[in-house]
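*Asks:* Here is how the chains run, residue by residue.
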Amino acid sequence: MKTSKEVAVSVKNIHKEFILPQSKNTSFKQSFVNIVKKNGKVTQKVLDGVSFDIYKGEFFGIVGRNGSGKSTLLKMLAGVYAPTEGEIILNGGLTPFIELGVGFNPELSGRDNVYLNGALLGYTRKQMDGMYDEIVEFAELSPFMEQKLKNYSSGMQVRLAFSIAIKAKNDILIFDEVLAVGDEAFQRKCMEVFRQYRKEGQTVILVTHSMDNVSNLCTRALMLEDGKIKHIGNVNEVARLYSESNILSQEHEEKNGADRPRLEGVDVQGLELMYDKNDVMELSLSWKDRDDIYGIGISISNMYGTYIFGSNFKDLTPKQKGIKHKIKLSLTPGEYKLNMATFDASGDITHHVQDVASFHIRDDYDITTDGLVALEHEYIVE
Amino acid sequence: MGYLWSLLKPLFLFAILYIVFTYIIPLGKDVEHYSVYLLLGIVLWNFFTEATVIGASSVVARGDLIRKISIPRYLTVIASSLSALINLGLSLIVVFIFALLNGITPSFSWFLIIPLIAELYAFALGISFLLGAMYVKFRDITYIWEIVLQAGFYASAIIFPLSLVPAIYHKWFFMSPIVQIVQDARYAITGNDQPVLWSTVHSWAVVVPFLIVIATVIIGGVYFKRRSKYFAEDI
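Residue numbers (the working numbering), protein chains in the order written: chain H, 1 to 382; chain Z, 1 to 235.
Bound-form chain H, shown alone (with noise of 0.2 Å):
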């Protein structure tokens, strides 16, 4: 996978606004009272001057939350939306793919559509006879071509969207979030073509939300936030920020929310959201208002809701009112639960709460590691 120096798209300085109409101004009727009624307008700038380059043979990541303006900065490299300000000069042919089987016709058969979409995408009848049975192949539909797309299942229409896509040919290919479709088999057929593309220097423009694609298909990537771009270039880096703006985004929201469970009458403090792996966590927890506790537990547990690890103290008296606990977090990257337990006289459990709280482990994309635990580990090369 080599990189040229050579610009494949540049993007310059693109400003995007979309105007939203205070009232509804889609008559013509309309437009004539608001000229009387001098109703305002409000402008939304979904982009705020981005600029990057694209070089040939680059998969390039293009990362970003719901609403960040990725999907515009998108639609604008493929041409269907206009910059109000700014421009993207591209350097060789470009075919987008932000959704896939456009312009399918249910009253076709198979083979009409591949060719209706070919020609949609802006390709010839003679080269989508190149490329033809190519894509029915990689579709596993042969037996079905002369078919009509509307006897075809869900999943055999996106089969067939999705070859026409991998196979379609040109200098630059972008793809929108393509990546979940189709049954594991099909997808790891897609990621095997993805990886050729790597290896072979095809440029792409991927465009995703999974941080396990970007850091190990991309060789550069870009993040979007709020119309601005918040890092470019290293695909590590741009994961790390991506997961990590994901998660305190989350967290946010969840602290605001008093739906929370809590154990009553026990204060817990020293609990962060985001730790590294190997990190230690130190909790305080402290209770001046009960004198029924004998014994505290604490547990964690992954989102899957597997139980990876609890301990009990029982050996408390009613005059102690605090306890510090230290772990070791020897997890794999990921979000995790703590639950709570009190314990009475007899180290019977007098309250259970699950999901007192949940933490992080920052994954840094750097080191491969999976699994429930991470055990202390090394290499030797020899």
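The set of hints was computed from the structure by calculation and includes no laboratory data. Ideal Cβ placement from N, Cα and C applies to all residues, glycine included. Among the hints, erroneous ones may be present.
[What the hints assert, rightly or not] If you anchor each label on the Cβ, the simulated ranges turn out as follows:
1. Z:4 to H:150: 19 to 27 Å
2. Z:5 to H:99: 51 to 59 Å
3. H:150 to Z:83: 29 to 37 Å
[Claimed, not checked] Computed list of lysine-lysine pairs in BS3-like fashion (alpha-carbon distance at most 25 Å, straight line):
4. Z:229 to H:12
5. Z:229 to H:45
6. H:169 to H:126
7. H:45 to H:12
8. H:199 to H:167
9. H:56 to H:148
10. H:5 to H:56
11. H:29 to Z:229
12. H:29 to Z:225
13. H:29 to Z:137
14. Z:229 to H:228
15. H:324 to H:314
Position chain Z relative to chain H; hints supplied.
*Replies:* Structure of chain Z alone, referenced to chain H:
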């Protein structure tokens, strides 16, 4: 199947109007080959209505494509007007058969219908571009256009012979490209003595219907081109 229906629609209208204006109100009794005259007028008018009405909504109707891919936007309008043009071709075959049955001998003047249809197509296309682009923003434009068409049907002397109108008003009728085209076409096919532009207007005003066609094509084309950048976000 679709073509059969598109032939039947003007034929039914023709049958009704023919019965009404031949037996009930005999408007056409003085016109040679009135039935051919009437049918040809209906077929041409029908093309104009079909092309402009479908053309007006063609951009919005293809909104799903326009929002997703950067196909040249004018193709949506061209495609819908071409399908109307194909229907017109089929209808004209019926007109020619009908003319032969009516005892009209074919002549070279029949070929004049080709430039006339080209002019009519250009006019319809110009209007379609204008309306198609406007319809993206103003969704009531099709209602307005249908009213204009209704008035146009009578202003274009489709069902009645123009000779029924007092001669001093003829020149005003001929300022409309539709009247000029329809009357010329009728003359080219039937060779009857109904007024045409060339026999009515003798001043510089003879170019007005053609100027209107050219202006419509330019205005429609320029407006469409200017607006088409914003179709994807406005639809």
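*Asks:* Please go over all the hints and tell whether each is borne out by the structure.
*Replies:* Hint by hint, here is what the structure shows:
1. Z:4 to H:150: 19 to 27 Å: At roughly 24 Å between Cβ atoms, residue 150 of chain H and residue 4 of chain Z fall inside 19 to 27 Å, so the hint holds.
2. Z:5 to H:99: 51 to 59 Å: violated (33 Å)
3. H:150 to Z:83: 29 to 37 Å: Check failed, 22 Å falls outside 29 to 37 Å.
4. Z:229 to H:12: holds (18 Å)
5. Z:229 to H:45: holds (18 Å)
6. H:169 to H:126: holds (13 Å)
7. H:45 to H:12: Holds, because 17 Å separates the two Cα atoms, which is no more than 25 Å.
8. H:199 to H:167: Roughly 16 Å separates the two Cα atoms, so the pair holds.
9. H:56 to H:148: violated (39 Å)
10. H:5 to H:56: Holds, at about 7 Å.
11. H:29 to Z:229: holds (24 Å)
12. H:29 to Z:225: holds (24 Å)
13. H:29 to Z:137: holds (11 Å)
14. Z:229 to H:228: Holds, at about 23 Å.
15. H:324 to H:314: Judged against 25 Å, a Cα distance of about 14 Å means the pair holds.
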